[in-house]
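Generate the whole structure from the sequences, applying the supplied hints.
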Amino acid sequence: MSDKFTLILFSGDYDKAMAAFTLANGAAGNHMDVTIFFTFWGVSLLRSRNQPRPNFLENLFKSMMPSGTRELGLSKMNFGGLGPKLMRKLITQKKGQTLDDLLAMAKERKIRFVACEASLKLLGIEPSELIDYEHLEVAGVDCFLNNAIESKVALFI
Amino acid sequence: MSDKFTLILFSGDYDKAMAAFTLANGAAGNHMDVTIFFTFWGVSLLRSRNQPRPNFLENLFKSMMPSGTRELGLSKMNFGGLGPKLMRKLITQKKGQTLDDLLAMAKERKIRFVACEASLKLLGIEPSELIDYEHLEVAGVDCFLNNAIESKVALFI
Amino acid sequence: MSDKFTLILFSGDYDKAMAAFTLANGAAGNHMDVTIFFTFWGVSLLRSRNQPRPNFLENLFKSMMPSGTRELGLSKMNFGGLGPKLMRKLITQKKGQTLDDLLAMAKERKIRFVACEASLKLLGIEPSELIDYEHLEVAGVDCFLNNAIESKVALFI
Chain A
1 MSDKFTLILF SGDYDKAMAA FTLANGAAGN HMDVTIFFTF WGVSLLRSRN
51 QPRPNFLENL FKSMMPSGTR ELGLSKMNFG GLGPKLMRKL ITQKKGQTLD
101 DLLAMAKERK IRFVACEASL KLLGIEPSEL IDYEHLEVAG VDCFLNNAIE
151 SKVALFI
Chain B
1 MSDKFTLILF SGDYDKAMAA FTLANGAAGN HMDVTIFFTF WGVSLLRSRN
51 QPRPNFLENL FKSMMPSGTR ELGLSKMNFG GLGPKLMRKL ITQKKGQTLD
101 DLLAMAKERK IRFVACEASL KLLGIEPSEL IDYEHLEVAG VDCFLNNAIE
151 SKVALFI
Chain C
1 MSDKFTLILF SGDYDKAMAA FTLANGAAGN HMDVTIFFTF WGVSLLRSRN
51 QPRPNFLENL FKSMMPSGTR ELGLSKMNFG GLGPKLMRKL ITQKKGQTLD
101 DLLAMAKERK IRFVACEASL KLLGIEPSEL IDYEHLEVAG VDCFLNNAIE
151 SKVALFI
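For the protein sequence lines, the chains are A, B and C, in the order given.
The numbering used here numbers the first residue of the first sequence as 1 and each following residue consecutively.
The numbering used here numbers the first residue of the second sequence as 1 and each following residue consecutively.
The numbering used here numbers the first residue of the third sequence as 1 and each following residue consecutively.
Simulated from the structure, these hints should not be mistaken for laboratory data.
Misleading hints may appear alongside valid ones.
Identical copies carry no separate label here, and so any pair may be met within one copy or between two of them.
[Unchecked claim] Taking lysine to aspartate or glutamate pairs in the EDC-like style, the calculated list, with each CA pair at most 16 Å apart, reads: (1) K95 to E117; (2) K110 to E134; (3) K85 to D101; (4) K110 to D132; (5) K107 to E134; (6) K85 to E71; (7) K4 to E150; (8) K94 to E58; (9) K152 to D3; (10) K107 to D132; (11) K62 to E126; (12) K95 to E58; (13) K89 to D101.
Computed from a predicted structure; not experimentally measured.
Here it is, written out as structure tokens:
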């Protein structure tokens, strides 16, 4: 059985997500069994649609939360949202991989995605609002713990 | 002997503390031997009283540092301090657990708390200013390392 | 063979770097085999010179990125850059170790530094711009993964 590599992606920052997917893709490329748990702001990476909710507070957070890779900010030098655009431009100039490229590669490598059930509930995000990906599931903290315990490496990002 | 689960909580953010306690409580619920090391801004969670200090710089940082769960900010969308209030309101609406609930559960589950000695010294916080909890101790980095080495999972939050 | 301890330092914050080096030095002091991977903003700690680049975006990020320990900000209470100065002053008053002291100790203890190849390329930093240290090398994500897999403890900071 191949070694397990588990990430918990709490952050919704473009740069931290890049780091997470770079590590995850590298591990998968080395034939490790990789799982990424998306929790709290990290779930924004998995959002593809935005269904308005009856709850005002949910809508406040949801409307402020990024949806998909294009709306994420940088943890530093965000330049009021301009940072990620510049970063993407810089990456393209360098013939590097943007977060979209890294996400696409993660799917090619069949990396397992798990969206944190409690975070979805808290932020009022329906599973139907998440990206379409056959290896995406919704689960709770026990699912993360069971995976982490069996993993050679488990990181919180 | 049950598996060890160790967290180092560096952050003083409400949302990151929620993630830390959710993981810790889940691990304790699964009969793991859980320890949380509170270091740097993370020690604010353990503060219950604020004794003014003779040192100006200490008082500057101490007076700016949150004291207890009610004063923590969010790592994102803090809305100038309003964020955590909204988050608590949203959690309550969802019948979820606020950070206070999570902290209370961590105590019920007898999770071991360790406050970083160097952080307390640096920020001028006396052990007498920390919350009353029989499983709270003050120790240094070696204590963390010894625990982490024996742990199945160790995360920096 | 001694136990391995691996850190990935993604953050370029003064306080997080302090936490990383405190853990790394403690582990090295306990005869562990310690490696720190500096990635993304973390590479700023390794910069000693700044060679202007032909690329405008590179220069934008590079000129905004701190260079060396003296220019790092705090993740909290940065007070517009004043925070780290106050923190250093406070540390000195307390006869504690500043980040410079911690970095010097890490070198004395021959902790292995690895600068992330992709981060250097992305940010347009030449290996020649990094600090002079015989145990500093430039490598990619596989190097981190191989180390992390063999480590007793691996943390993302």
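Does the structure break any of the earlier hints, and which numbers would those be?
none
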